[in-house]
Structure formats: C-alpha cells, structure tokens
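S.K.: Read off the chains here:
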Amino acid sequence: MTGSMTKKPLLTIKNVTKKFGPIAAVDGIDLDIYENEFFALLGPSGCGKTTLLRMIAGFEFPTSGAILLSGQDIAPLPPEKRPLNLMFQSYALFPHMTVRQNLAYGLEVERLDKAEIRRRVDETLASTDLSELAERKPEQLSGGQKQRVALARALVKKPKLLLLDEPLGALDKKLRERMQLELKRLQHEAGITFVIVTHDQEEALVMADRMAILKSGRLLQVGSPEEVYEAPSDPFVANFIGIMNFLKGRMETDGAFTAEGHSLLPGAPAKAGLALLAVRPEHVTLSADGEGLAGVISDIAYHGLDRVVHVRTAASDGPVQVRVKADEGRGLDIGSPVRLAFNAAKCRVFAAEGGLAAQS
Amino acid sequence: MSYNAARPNLLAAPAVLWLVAFMIVPCALILLFAFFERGVFGGIDYNLNLDNFRRVADPLYAGIFLRSARIALTAAGLAILIAYPAAYAITRALPTRQPILLFFAVLPFWSNYLIRTYAWIVLLNREGLVNNLLRGLGYHGEPLSMLYTEGAVITGLVYNYLPFVILAIYSTLSKLNPELIEASRDLGAGPVRTFLRVTLPLSLSGVAAGGVFVFILSIGNFVTPALLGGGRFQMVGNLVYDQFLSANDWPFGAALGMVLITLMIVLLMLQAHMTARASGETRGASADA
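Chain order of the listed sequences is A and B.
Reminder that position 142 of the first sequence reads as 142 in the working numbering, one-by-one numbering, no gaps.
Reminder that position 80 of the second sequence reads as 80 in the working numbering, one-by-one numbering, no gaps.
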C-alpha cells in the first residue's frame with residue numbers, strides 16, 4: 001500500500017481523546033486511513049480500539065480532537081448523517097424483519113424509489129450469496145449466515161467507509177479463516193475502505209493492508225503487516241504480533257549484544273546499556289555442539305509442517321522457541337543440551353525496562 | 001420452541017391440584033347453573049336449557065357488555081399511552097437507578113385497592129381537591145361534576161392498573177439489544193423513525209400483555225364502577241354482582257360470567273401466542289450477542 005501514501009487520506013483522526021470520567025479510553029490518537037485501504041485496529045481488550053471505532057461511527061463523541069472524512073469534520077454529526085456504516089459485533093439484525101427487509105431498511109431511509117431499492121438489494125444479496133435466504137427471518141439463520149447478512153446490510157448502502165467491529169469473533173475457526181479471504185474479496189470488489197477492529201493479530205496480519213496497534217488508549221505503531229512483524233517498534237508490539245523470544249543482556253558501545261557470554265552484532269543499532277534482544281522462532285538455529293547460547297530442551301511441539309522446540313536458557317525468563325522443519329527436528333530429545341545461534345540481521349534490540357535492570 | 005412445556009412436570013402438581021380444587025371445580029359448578037333456570041322463589045330449577053344465553057344477547061344486556069368493552073378498551077389504551085413513555089424513561093435511566101424507579105412506579109400496588117379508589121372520590125368530588133384547586137386558580141363557575149361519570153370510572157381503572165402496564169412494557173424494552181437502535185441510526189434512520197420501525201414493533205408484546213391485562217381486569221371490574229360510577233352506572237361486573245346478590249338469579253349471573261370468561265380466555269390466548277412469537281424473535285437476535 002505504499003502507493004496510497006501519496007493519496008489524500010479518506011479518514012483523518014486528529015489528536016482525538018475520549019475520557020470516561022478521569023480515565024482516557026483513547027488518548028491523543030493521530031491516524032490517517034486512505035481510500036480503498038483494508039485497515040485493522042488491533043489491540044488487547046480495553047485498549048480503546050472499540051471506543052475509537054464508535055467515535056468514527058458517531059455513537060461516542062470525542063472529548064477533544066477532530067475526525068475528518070474526506071476533509072469534512074464529522075465529529076459533531078449524529079450517526080445517521082455520516083456517510084459510513086458499521087457492522088456490529090452482535091450483527092444487530094432486526095429480528096422482526098426478513099433478510100430482504102433488513103437490507104432494504106437503510107435504502108428506504110434514503111427515499112430511493114421501490115424499483116431501485118429492489119434492484120440494489122437483489123444485487124447485494126447475489127454478491128454475498130444470500131439470494132436463497134432473502135425471505136428468512138434472522139432467527140432462522142446460522143451464525144455465518146447472520147454475519148453475511150450484517151455485512152450485506154452495510155454494503156448495500158455503498159458507504160465510503162465501512163467499519164467492522166470484531167466481524168469474525170462469533171464464528172468457528174474454519175469459517176473464520178474462509179471469511180477472512182471472503183472479506184478481502186468483497187472489500188476489493190466493492191472498492192470500499194474497510195476499518196476493522198480485532199484483538200486477533202493473525203486476523204489482522206492476513207487481512208489488513210495496514211494496521212495500527214493500540215495499548216491503553218495510545219497508538220504504538222502503524223504500518224503494513226510486514227513492517228509491524230519484522231520491525232516492531234517496542235517490546236509490547238513485538239510480543240503481541242506473532243511469537244517473539246526475548247533475551248536479557250547488555251548492549252556494548254561497539255554495537256555488540258552480549259548475553260550469558262554469547263555475543264552477536266544485531267542488525268539494528270541501539271544505545272549501550274542493559275537491553276532486551278527480540279528474535280522470532282524462525283530466526284534461531286539449533287545445534288548439538290559448537291558456538292552459541294547454551295540451553296536445555298524443555299519441550300518439543302509437533303505442528304505437522306514444523307516443530308517448535310522450547311529451549312530453557314539463563315538469558316530468558318521463559319523458554320526460547322525455535323522453529324525447525326519437522327524432519328530436521330526428529331533426533332531431538334527433551335532434556336538434551338543444545339546451542340542456539342541467532343540470525344543477527346533479523347534481531348531487534350530494545351532498551352531494557354526497569355524490572356530487568358534490577359534483576360541482573 | 002417449547003423445551004419442557006410439552007412434558008407434564010410433577011413439580012407443578014401442587015399448584016395444579018390447588019387450581020383444580022379451589023378454582024376450576026367451583027367455577028365449573030357456578031357455570032353449570034347457566035344452563036338451568038331461576039326457581040320461582042329464587043333457588044334453581046334443574047331444567048336444562050339455553051334461555052340464559054339468549055337473554056345475554058338481549059339488547060339491554062348486550063348494550064352493557066358493549067359499554068363495558070368500550071370502557072375497558074379506553075382504559076387499556078390510556079394506560080398504554082401513559083405507561084409507555086414512563087417505561088421507556090426507566091430503561092434510559094442509569095442501570096443502578098432502574099430498580100428504585102420501578103419500585104416507585106409499583107408503589108401504589110402495595111396499598112389497598114378500596115382505599116386507592118376512595119381517594120379518587122376525595123379528589124373528584126364537587127367539593128374535592130380538583131374543584132378546590134380550580135377555584136384557587138381563578139375558576140368561578142359551577143363546580144365540575146366529575147365523580148359518578150364514565151370518565152371517573154376510566155380514570156380509576158387506569159390509575160389502578162398502570163403499574164402493571166409499566167412493568168410489562170419495561171420488561172420487553174429492557175430486553176431489547178441496544179445495538180439494534182444503534183444499527184438503525186447507523187443505517188440512516190433518525191430517532192423518530194428508529195422508534196417507529198425498531199423500538200416500537202419489538203416492544204409490542206409488552207404493550208399487548210399490559211393492554212390485555214388492563215382490558216380483562218377492567219371489563220369484569222365491579223368495585224371501581226360501583227364507587228366512582230355511582231349506583232346508576234353499570235358494567236358487566238355490577239350486573240353479575242346484582243344477579244347473584246340482589247336479583248337472586250344465579251343462572252343468569254352464571255351465564256353472564258361464562259360469556260365474560262370466554263372472552264378473557266380468547267384474549268389471553270391471543271396474547272400468549274403473540275408473546276411466544278416475539279420471544280422467538282428476540283432469542284434469535286441475541287443468540288450470538
């Protein structure tokens with residue numbers, strides 16, 4: 001999505017803060033979202049992502065800051081006056097209306113004529129594969145069908161921006177994976193900007209063009225899934241996205257990182273002092289003897305394609321996870337001593353937190 | 001639809017026995033009288049016929065039925081109009097305040113029905129509070145005669161049954177998923193349209209329950225019309241009361257009662273049907289909330 005950076009943003013969130021009493025649920029967030037983007041707001045529960053979404057939709061009003069849609073400040077507008085739609089986590093389908101009536105509801109409000117409403121509803125029903133369920137009531141639908149109706153009801157309005165609050169949260173794993181790709185396809189076909197709220201980092205990695213990671217109402221990092229996965233801005237992001245190993249050690253003035261006598265030159269420079277080295281399981285290699293950080297195998301998990309070997313070391317709080325190909329890991333035994341080597345180019349170094357300094 | 005309802009449950013046996021012994025059997029016995037006729041000196045002639053039911057259809061009595069129905073319908077309608085905004089306001093209050101507000105709404109229920117009704121006599125009297133208040137505000141005409149009118153009867157009925165209607169409507173409104181209201185706004189409907197197309201249709205089962213309750217208790221009521229309607233004002237309840245206690249015509253009184261009960265049962269069944277349908281809808285909507 002680097003091309004979109006040159007475009008004007010569709011949605012601009014300018015220094016938005018939302019306080020509930022003394023607590024700031026959203027704390028001074030700045031964010032630009034571009035046209036045709038699939039954007040994910042990602043964070044643990046209570047990070048403020050849903051509050052931010054509800055402010056964009058118009059169900060909460062910012063304590064301060066501005067929300068611009070195509071350059072127009074929409075913060076003072078009620079939800080019905082905003083040219084965007086929200087797909088609710090509970091789906092919020094009208095239980096007394098059929099699928100067709102649910103879809104038509106938002107168009108009747110626009111005072112379109114009956115034939116036009118019918119045409120657009122039929123078109124959307126067909127593109128979301130719902131034509132055969134048109135006359136059913138929501139109570140007669142499965143969870144996955146309800147989810148599609150909720151999506152169709154928002155898409156039929158042809159909004160500039162579609163907000164989705166944990167859209168796949170209520171579905172089982174298989175269906176969720178299929179819907180991730182389905183959502184991407186629909187977003188692409190409809191040419192609508194999607195902003196999705198999720199706590200599931202895998203979902204965000206698979207679907208999003210760009211993502212923002214929030215914690216305690218603050219924005220930690222914005223970037224493409226690759227950027228965030230490869231170059232997390234801080235230990236929280238590193239730990240939240242994918243699996244990350246942390247090693248405690250020292251950063252020397254010559255740029256080398258030393259932990260338990262083992263030293264390497266990480267790709268990214270950092271300040272000298274106590275430090276935390278972050279490395280993904282796929283960037284660690286195991287050997288029975290030779291150079292490297294000493295450790296003992298504590299667990300081996302078989303995943304079909306690969307094995308994740310857990311190695312206890314003196315430099316890490318928990319075991320270091322190492323990903324090896326399934327057939328390469330066949331000879332490994334729990335309890336045997338190993339050496340760990342790290343792909344220095346893929347390592348990140350963060351200044352250690354206070355707690356760490358006290359320990360060493 | 002019905003999980004255990006189809007299977008007889010032994011736990012309900014005491015209640016069922018109670019109902020059969022003290023409710024259904026005595027009622028059935030009284031209703032049987034409807035098929036006999038009044039003896040020459042009171043008492044009952046066991047002479048099976050349908051004359052009493054023919055008499056119910058007589059314009060004189062049918063007229064009283066119709067008037068009772070009209071009064072009960074008006075009372076039910078007014079009670080709904082007053083109770084709905086109140087119930088709506090309570091659901092909008094802070095969750096911690098709602099039980100207190102409901103307590104105040106139901107408070108009149110805990111006092112004696114007769115005393116509450118007598119209080120209205122004090123209010124509506126020619127020398128009562130309302131007329132005194134009007135005089136205080138500068139009205140110098142003839143005092144209004146509000147007592148012993150149809151209006152007084154309706155006022156009394158609405159007043160007495162209002163708490164139940166508030167509770168019935170509150171219970172459906174408070175179960176409504178608030179995201180449905182938000183979804184309607186999000187789809188472009190303003191507050192008024194949202195109310196008319198989402199909130200109101202989804203709370204109709206509570207409105208129906210409250211309305212049917214007021215209607216049934218009003219159409220058979222005899223205390224309120226007797227006290228607030230005065231002697232010359234008759235509803236079916238007073239008519240039944242008179243047949244049993246003054247005219248000593250138990251068979252005709254029983255026939256009137258039977259027609260009344262049939263009407264009530266039909267209404268209750270309609271309302272139960274409506275509630276069952278509505279609960280199916282809300283269950284479907286909140287299943288994955």
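Read the hints as simulated data drawn from the structure, not as lab findings.
Each residue gets a CB set at the ideal place from its N, CA and C atoms; glycine is no exception.
Take the hints with a grain of salt, since some may be wrong.
Simulated pairs of lysine-lysine, DSSO-like, Cα-Cα distance not exceeding 30 angstroms [said to hold, decoys possible]:
hint: 1; chain 1: A; residue 1: 271; chain 2: B; residue 2: 175
hint: 2; chain 1: A; residue 1: 160; chain 2: A; residue 2: 137
hint: 3; chain 1: A; residue 1: 14; chain 2: A; residue 2: 137
hint: 4; chain 1: A; residue 1: 215; chain 2: A; residue 2: 271
hint: 5; chain 1: A; residue 1: 173; chain 2: A; residue 2: 81
hint: 6; chain 1: A; residue 1: 346; chain 2: B; residue 2: 175
hint: 7; chain 1: A; residue 1: 248; chain 2: B; residue 2: 175
hint: 8; chain 1: A; residue 1: 137; chain 2: A; residue 2: 8
Reference listing, derived: stretches of chain A covered by chain B, where coverage requires no fewer than 3 residues with Cβ under 8 angstroms from a Cβ of chain B [as the list claims (entries may be wrong)]:
hint: 9; region: 81 to 94
hint: 10; region: 200 to 209
S.K.: Now, for every hint given, state plainly whether the structure supports it.
M.R.: Right, here's what the structure says about each hint:
1. With a C-alpha separation of about 57 angstroms, the suggested pair residue 271 (chain A) and residue 175 (chain B) falls outside the 30 angstroms cut-off, and the hint is violated.
2. The hinted pair formed by residue 160 (chain A) and residue 137 (chain A) meets the criterion: a straight-line CA distance of about 28 angstroms does not exceed 30 angstroms.
3. Using a Cα cut-off of 30 angstroms, the hinted pair residue 14 (chain A) and residue 137 (chain A) is violated, with the two alpha carbons roughly 41 angstroms apart.
4. Proposed proximity of residue 215 (chain A) and residue 271 (chain A) is supported: the alpha carbons are some 25 angstroms apart, at most 30 angstroms.
5. For the hint pairing residue 173 (chain A) with residue 81 (chain A), the CA-to-CA distance comes to about 36 angstroms; that exceeds 30 angstroms, so the pair is violated.
6. Restraint check for residue 346 (chain A) and residue 175 (chain B): not satisfied, since their Cα atoms lie roughly 53 angstroms apart, outside the 30 angstroms limit.
7. For the hint linking residue 248 (chain A) to residue 175 (chain B), the alpha-carbon distance of about 53 angstroms lies beyond 30 angstroms, and the restraint is violated.
8. Note on residue 137 (chain A) and residue 8 (chain A): the hinted pairing is violated, with a Cα-Cα distance of about 42 angstroms set against a maximum of 30 angstroms.
9. Requiring three or more residues with a Cβ within less than 8 angstroms of a Cβ of chain B, the coverage given for the region 81 to 94 of chain A holds, as 9 such residues are present.
10. With a cut-off of 8 angstroms between beta carbons, the region 200 to 209 of chain A has 0 residues touching chain B; three or more are needed, and the interface restraint is violated.
Hints 1, 3, 5, 6, 7, 8 and 10 from the earlier list are contradicted by this structure; the remaining hints agree with it.
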